[in-house]
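Novice: Sequence:
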Amino acid sequence: MLERRLVISSFQECEGILDLGCGEGVYVPYLLERASEVVGLDFSVGRLKKTKEKKIDVVLADASHLPFRDNSFDIIWASELIEHTPSLGVFGKLERVARKMVAVTVPNPKGPYYRRDPTHILRYDIYTLQANLSQRPWRYKIHGLGLCLPYRVFPNPLRRLLLQLTWNRPSLAFNLLITGEPQNDEAEGSLLMRRPPGKLET
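Going by the working numbering, the sequence shown opens with residue 157, and the numbers climb by one from there.
No lab work stands behind these hints: they were computed from the structure. Careful: at least some of the hints might be erroneous.
Stated by the list, open to error - Just the calculated beta-carbon pair ranges, DEER-fashion:
| hint | residue 1 | residue 2 | range |
| --- | --- | --- | --- |
| 1 | 283 | 309 | 28 to 34 Å |
| 2 | 228 | 339 | 33 to 39 Å |
| 3 | 327 | 272 | 17 to 23 Å |
| 4 | 293 | 320 | 19 to 25 Å |
| 5 | 305 | 201 | 38 to 44 Å |
| 6 | 225 | 279 | 17 to 23 Å |
| 7 | 339 | 268 | 32 to 38 Å |
| 8 | 182 | 281 | 25 to 31 Å |
| 9 | 320 | 216 | 36 to 42 Å |
| 10 | 325 | 205 | 28 to 34 Å |
| 11 | 312 | 228 | 33 to 39 Å |
| 12 | 317 | 202 | 36 to 42 Å |
| 13 | 248 | 311 | 36 to 42 Å |
To be verified - Cut-off 27 Å, straight-line C-alpha distance, at most; resulting in silico cross-link-like pairs (DSS-like, lysine-lysine):
| hint | residue 1 | residue 2 |
| --- | --- | --- |
| 14 | 208 | 256 |
| 15 | 249 | 208 |
| 16 | 210 | 256 |
| 17 | 256 | 211 |
| 18 | 249 | 211 |
| 19 | 206 | 249 |
| 20 | 210 | 249 |
| 21 | 249 | 205 |
| 22 | 249 | 297 |
| 23 | 266 | 297 |
| 24 | 256 | 297 |
Yeah, the Cβ is synthetic: ideal placement off N, Cα and C, and Gly gets one too.
With the sequences and hints as input, model every part of the structure.
Specialist: What follows is the structure in structure tokens.
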């Protein structure tokens, strides 16, 4: 989780974030540090009950049918969700409801985390991801997210070092970070991270 917390801590402060596929809301406390409002969305009633305990609004739905108006959130955060969907066309759903940025984490298909879960139905590799995303109306970047090793076994300094080493070498990472923003936002200042996130603020 450290690597994803570092990513979230680098988000610019904003009005609203959608935690897509929020599960039990493990990232909600960190997202609330970056946004005035966080909404959690998941298809599991049981998981949403846990998330609602964190005092945020929750929505029962799935990524293929987002019940929101266009540009409803500044940032869409989707951690380990896309690989459970049948098509990369889901990025179009995210782009529709996001105003400023989409931030997605997925397992590298060549790493151990992708193969160990039979519900990972999306077939992709880094090259097909890059080719597909380059055709979209948004501008995307793919970075390595380290090895996301068990935190009780591997100390945080090592995890930070691996994040640094794989940031511009995503093929070496066990997990990937995909960030995207509208093409016309370049003049206003890009939100996409070009260097690895640093220290946690808290």
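Novice: Each hint: holds or not?
Specialist: Status of the hints after comparison with the structure:
Checked against the hint of 28 to 34 Å, the C-beta distance between residue 283 and residue 309 comes to roughly 32 Å, which is consistent with it. About 20 Å separates the C-beta atoms of residue 228 and residue 339, a value inconsistent with the hinted range of 33 to 39 Å. Take residue 327 and residue 272: their Cβ atoms lie about 19 Å apart, and the range 17 to 23 Å holds. Distance hint check: the CB atoms of residue 293 and residue 320 are about 31 Å apart, inconsistent with the given range 19 to 25 Å.
A C-beta distance of roughly 32 Å is found between residue 305 and residue 201, which places it outside the suggested range of 38 to 44 Å. Roughly 32 Å separates the CB atoms of residue 225 and residue 279, a value that falls outside the hinted 17 to 23 Å. Look at residue 339 against residue 268: about 35 Å separates their beta carbons, and that is inside 32 to 38 Å. The given range of 25 to 31 Å is respected by residue 182 and residue 281, whose C-beta atoms sit roughly 27 Å from each other.
For residue 320 and residue 216, the Cβ-Cβ distance of about 39 Å falls inside the hinted range of 36 to 42 Å, so the restraint holds. For the pair residue 325 and residue 205, the supplied restraint of 28 to 34 Å is violated, since their beta-carbon distance comes to about 40 Å. Range check, residue 312 to residue 228: about 35 Å between beta-carbon atoms, so the 33 to 39 Å window is met. The supplied range of 36 to 42 Å is met by residue 317 and residue 202, whose beta-carbon atoms lie about 37 Å from each other.
Taken as a hint, the range 36 to 42 Å holds for the pair residue 248 and residue 311, whose Cβ atoms sit roughly 40 Å apart. Note on residue 208 and residue 256: the hinted pairing holds, with a Cα-Cα distance of about 25 Å set against a maximum of 27 Å. Proposed proximity of residue 249 and residue 208 is supported: the alpha carbons are some 24 Å apart, at most 27 Å. Proximity of residue 210 to residue 256 is assessed by CA-CA distance (about 25 Å); at most 27 Å being required, the pair is judged to hold.
Taking the CA atoms of residue 256 and residue 211, the gap is near 25 Å; set against the 27 Å cutoff, the hint holds. Note on residue 249 and residue 211: the hinted pairing holds, with a Cα-Cα distance of about 26 Å set against a maximum of 27 Å. As the CA atoms of residue 206 and residue 249 are separated by approximately 25 Å, the hinted pair is consistent with the 27 Å bound. Taking the CA atoms of residue 210 and residue 249, the gap is about 26 Å. The hint holds against a cut of 27 Å.
Proximity of residue 249 to residue 205 is assessed by CA-CA distance (about 25 Å); at most 27 Å being required, the pair is judged to hold. Between residue 249 and residue 297, the direct Cα distance comes to roughly 18 Å. Compliance with the 27 Å bound is thereby established for this hinted pair. Note on residue 266 and residue 297: the hinted pairing holds, with a Cα-Cα distance of about 19 Å set against a maximum of 27 Å. Between residue 256 and residue 297 the alpha-carbon distance is near 14 Å, which keeps this suggested pair within the 27 Å criterion.
Checked against the numbered hints listed earlier, the structure breaks hints 2, 4, 5, 6 and 10; every other hint is satisfied.
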